[in-house]
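Protein chains in written order, with the working numbering: chain A, 1 to 98; chain B, 99 to 196; chain C, 197 to 294; chain D, 295 to 392.
These aren't lab readings, by the way, just hints derived from the structure by calculation. Even glycine gets a Cβ: it sits at the ideal position worked out from N, Cα and C. Don't take every hint at face value.
[Said to hold, decoys possible] Interface residues of chain A toward chain D, partial, derived using beta-carbon atoms under 10 Å: (1) A4; (2) V12; (3) A21; (4) E22; (5) L32; (6) F40; (7) D48; (8) R52; (9) K55; (10) D59; (11) G79; (12) A83; (13) S86; (14) V88; (15) V91.
Protein chains: 4
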Amino acid sequence: MIAAFSITPIGVGESVSELVAECVGIVRASGLPNETNAMFTNIEGDWDEVMRVIKQCVDHVAMAAPRVSVVVKIDHRPGVRGALRSKVESVEQRLSSR
Amino acid sequence: MIAAFSITPIGVGESVSELVAECVGIVRASGLPNETNAMFTNIEGDWDEVMRVIKQCVDHVAMAAPRVSVVVKIDHRPGVRGALRSKVESVEQRLSSR
Amino acid sequence: MIAAFSITPIGVGESVSELVAECVGIVRASGLPNETNAMFTNIEGDWDEVMRVIKQCVDHVAMAAPRVSVVVKIDHRPGVRGALRSKVESVEQRLSSR
Amino acid sequence: MIAAFSITPIGVGESVSELVAECVGIVRASGLPNETNAMFTNIEGDWDEVMRVIKQCVDHVAMAAPRVSVVVKIDHRPGVRGALRSKVESVEQRLSSR
């Protein structure tokens, strides 16, 4: 499965990029395929692997912020691997073959 | 914490209410405070309790659907209990005291 | 269609219930069918009606907060009305008829 | 502001990549800064510009599917431009300067 997740610390001011960067560091250290864009970090693995990493990130941010808002969107397709790349490639191929 | 979650089976047709009802049944059997509205089911507990229930629901739906889309929004406030009711009551009080 | 939306002011502290209450007030003044729970406000109408109300809320919060995070989930079914109630009733009926 | 959005046609089978590709085509034709990843398409502009494009995509998908699920997450920061790139660069700089 792929999970896109976003963590927002509440009550620590407007600029939250240091905490966000630390979470991206945690995700990359996990060894799971991942990609960070302007709104979400995407991570691919099975449920337990992915949720363990997201929980680590939330726990990390919760040490600095009294309240944490988390949004997760999951695309769960048992048996499908490598979708982090193949989904985007599939779209590009369809667009370029027009 | 409170998690609002929504599970959408993909590839099984337009009407998905039987599977949704079964998930609500799983949530209620968990014993955790919960509430189902037209768009999400809200469930309150700590991270592991809540995620265990959501995973049970996803696994259940994944037996019937080849692909499952899940959206989760979490309000994580360590030390706060009873927020499923108190958040709504707080809004109503503010509105009625105007 | 039904939209569930949640607005989080960033950079104004941990307790945001006054701004949330004001948004609920805006939604209720719209006259569209709506329901507020612990995580989202659900509102039913067509795209332009619903989006106008959500924009009003975001603009209102943006006067008080330098940054605003918004999450919207839409269930778009042309021709279906009254779903705010009927979706929940359908689930309850299925659960009680077991 | 930046909006991350994802559109899921319901009731048309498991593979939805042709419709997704068409939406990405609509987004690119808009001329607004955008980026598509495995889970969301990010698009930057003001509220009306961005919402007009998302509505175009939803209307397009709704011609092919009886039901459409849409998830939108918005980062609204009046006065901030170029955030689609700068947010990611800021994270990378912080990680590389450790």
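Do the hints match the structure? See the list:
1. About 4 Å separates the beta-carbon of A4/A from the nearest beta-carbon of chain D, less than 10 Å, and the hint is met.
2. Nearest Cβ of chain D to the Cβ of V12/A: about 16 Å, over the 10 Å cut. The hint is violated.
3. Hint status for A21/A relative to chain D: holds, with the closest Cβ pair at about 4 Å, below 10 Å.
4. The criterion of a C-beta within 10 Å of any C-beta in chain D is met by E22/A, whose closest approach is roughly 8 Å, and the hint holds.
5. The beta carbon of L32/A comes no nearer than 13 Å to any beta carbon in chain D, farther than 10 Å, and the hint placing it at the interface is violated.
6. For the restraint placing F40/A at the interface with chain D, the shortest Cβ-Cβ distance is roughly 6 Å, inside the 10 Å limit, so the hint holds.
7. Evaluation of the D48/A hint against chain D yields a violated restraint, the C-beta minimum of about 20 Å exceeding 10 Å.
8. Below 10 Å, beta-carbon pairs count as interface contacts, and R52/A has none with chain D, the closest being about 19 Å; its hint is therefore violated.
9. Hint status for K55/A relative to chain D: violated, with the closest Cβ pair at about 19 Å, above 10 Å.
10. Because the beta carbon of D59/A sits about 19 Å from the nearest beta carbon in chain D, more than 10 Å, this interface hint is broken.
11. Proximity of G79/A to chain D is violated relative to the hint, the smallest CB-CB distance being about 12 Å (cut-off 10 Å).
12. Taking 10 Å as the C-beta cut-off, the interface hint given for A83/A holds, the closest approach to chain D being about 6 Å.
13. The interface hint given for S86/A holds, since its Cβ lies 8 Å from the closest Cβ of chain D, which is under the 10 Å cut-off.
14. A least Cβ separation of about 6 Å between V88/A and chain D falls short of the 10 Å threshold, and the interface hint therefore holds.
15. Because the beta carbon of V91/A sits about 5 Å from the nearest beta carbon in chain D, less than 10 Å, this interface hint is met.
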